[in-house]
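Just so you know, the protein sequences line up as chains A and B, in that order. Here our numbering is used: the first residue of the first sequence is 2, the next is one more, and so on. Here our numbering is used: the first residue of the second sequence is 2, the next is one more, and so on.
By construction, these hints were calculated from the structure, which means they are not laboratory data. Possibly wrong hints are sitting among the right ones.
[To be verified] In the SDA-like style, the derived pairs of lysine to any residue whose C-alpha atoms are separated by at most 20 Å in a straight line are: (1) A:Lys215 / B:Val211; (2) A:Lys270 / B:Lys214; (3) A:Lys270 / B:Phe172; (4) A:Lys270 / B:Lys218; (5) A:Lys215 / B:Asp205; (6) B:Lys218 / B:Asp262; (7) B:Lys204 / A:Lys55; (8) B:Lys214 / A:Leu129.
2 protein chains.
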Amino acid sequence: MTFESQNNSKVRAHTNIALVKYWGKENEALKIPTTSSLSLTLDKFYTDTEVTFKNELAADQIIFNGEAVKGNKAKRITNFLNIVREMAGKNIFAEVKTSNNVPTAAGLASSASGFAALAGAASKAIGLKLNKKELSRLARRGSGSATRSIYGGFVEWQKGFGDQTSIGVPFIEKVDWNIHIVAILVNKSEKEMTSTQGMKISKDTSPYYVEWKKLCKRDLKNIKIAIKAHDFSRMGKIAEENAMRMHALTLSADPDFTYFDADSLKVMKLVHNLRQRGIECYFTMDAGPNVKILVEDHNLVSLKQELKKDFDEDKIIVASPGPGIKYLK
Amino acid sequence: MTFESQNNSKVRAHTNIALVKYWGKENEALKIPTTSSLSLTLDKFYTDTEVTFKNELAADQIIFNGEAVKGNKAKRITNFLNIVREMAGKNIFAEVKTSNNVPTAAGLASSASGFAALAGAASKAIGLKLNKKELSRLARRGSGSATRSIYGGFVEWQKGFGDQTSIGVPFIEKVDWNIHIVAILVNKSEKEMTSTQGMKISKDTSPYYVEWKKLCKRDLKNIKIAIKAHDFSRMGKIAEENAMRMHALTLSADPDFTYFDADSLKVMKLVHNLRQRGIECYFTMDAGPNVKILVEDHNLVSLKQELKKDFDEDKIIVASPGPGIKYLK
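Next comes chain A alone, as it looks inside the complex (with noise of 0.2 Å):
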């Protein structure tokens, strides 16, 4: 089977930062979730792909910030264009250009921007029309949290029933809340135990993880609840709550193992001695040592002010809630 015409797209994909957690599949392959979990898109992460099908190419080319991918992060894509070329019914390779505005697996869902935008740029250029509920669907196979990142906003992923089911659903795309997340990239260092590895782990071996998947319901539940009402304490109280109950699982695992690193432990510690001070704020970590802190926009500069005691400022990035994605071509 060939390809008429040369069909490009290129598309721009936030990251999103969950605020009740991830952490596990029921279905490896489909990557079914054992749980739902909810996220905030945000403004300052990102990835553009630019997708181009090509009769004249013999396998697919990957381009990540200028340089040829080859190995294991090719083959996922690959693998992932499969899928596409599979929903297309058209055998064709392509070329994919993609740039990072996301330190690249530090535990900011950079898989979950580049799946996102993966998902869009290639279902358009091989000429799939999916909607924005087919395309969460179709970023999901690819990561996980990118099911989340095709939406702006606080977004939900049900867990769903099957492949059909387990979708992204906007819960408030349009954010009228000042809050902030602010990112302390403490490490830019590629992790050592991968989000896939360490969440199969902690669901094989951890004592813990039946009850996690009742709180997670909980938490999902009252979260809801809170930020309908712009209730900041409450959301943030349940964001880091779910977040340390989610690193639990990792030290309970067998091999136990942590995400944490010596500045990770500084940023959590100044961030509860700030709340003591009345300045309010709420850290969530995710798969990597790098701490995000939730913040209102009336605590920001004093935040900011004593962030910088302790780290450089271009290591302290301020985000604001993001939109979803958006063909640039």
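Given chain A, work out where chain B should sit, using these hints.
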């Protein structure tokens, strides 16, 4: 009521390191734990305590490492002496001179050796003739972990069903096994969250606490089999996992907290690396940042060499199985 002669006794008690942890009380007043635990008494860390009951005293006098103690610390000792006075039916005050060869309140269980020594010295000085079983029960009223420090070697603290049955029971008193505990004293400062507070918050708020109680039962059963078989790998693995599952309770508590500091993480990582390189060792941690490493004799030199690259030699203390309490007077 008066006391005929000046009665005096001096006792040395060693601290112990729990391999299956005690982390929570079923009965706060009586210090009945929620789970049974198992420890190894250590030779290098001990407390010497001399108690003299004197008719002329108008209050207890507590001398700790040569200095008079007031406030909460003195109160905790006086409360304990009240129990001893009530048992003996004698209303008389005591001079308590105690010296610690353990860094206080830095997760090295100084209260274990402290209250074991105090139980031994105070009960003898006041004229009670307690056997070890009765001493263990009495020591428990001062500090839970002191219950185990009456005996040497591997000791089980059986949760029991109440005051009478919640006591230490020697599991293997004479340890015929060339193993060591290497303590890395990364931090001698007093902890912000005492173990009493920490375990109460964990028990009351961690969603994982119910599961913790179940896994301790399994761990206790399995570690006894491993110890009897001198199966170091199995014992070490159970001890490390049990400790991390205890620390997962602190992360998952409300408010979340941790006893880890930057150096703790460094030692934990080193131990994992050493295992991968064939130098078998396992860590455990208590309510403080200091890490204790379990190692067999044939790997001790290699372990110490590696530790010396990161820590001063005087912070690295090699302990071995130690004896139960001993009357010096």
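Cross-check of the supplied hints:
1. Note on Lys215 of chain A and Val211 of chain B: the hinted pairing holds, with a Cα-Cα distance of about 13 Å set against a maximum of 20 Å.
2. The suggested pairing of Lys270 of chain A with Lys214 of chain B is violated, with an alpha-carbon distance near 29 Å, which exceeds 20 Å.
3. Distance hint between Lys270 of chain A and Phe172 of chain B is unfulfilled; the C-alpha atoms sit about 40 Å from each other, more than 20 Å.
4. For a cut-off of 20 Å, the pair hint linking Lys270 of chain A to Lys218 of chain B is broken: about 33 Å separates their Cα positions.
5. Note on Lys215 of chain A and Asp205 of chain B: the hinted pairing holds, with a Cα-Cα distance of about 17 Å set against a maximum of 20 Å.
6. Between Lys218 of chain B and Asp262 of chain B the CA atoms are separated by roughly 29 Å; this puts the pair beyond 20 Å, and the hint is violated.
7. Distance check on the hinted pair: Lys204 of chain B and Lys55 of chain A sit about 61 Å apart at the alpha-carbon level, beyond 20 Å; violated.
8. With a C-alpha separation of about 54 Å, the suggested pair Lys214 of chain B and Leu129 of chain A falls outside the 20 Å cut-off, and the hint is violated.
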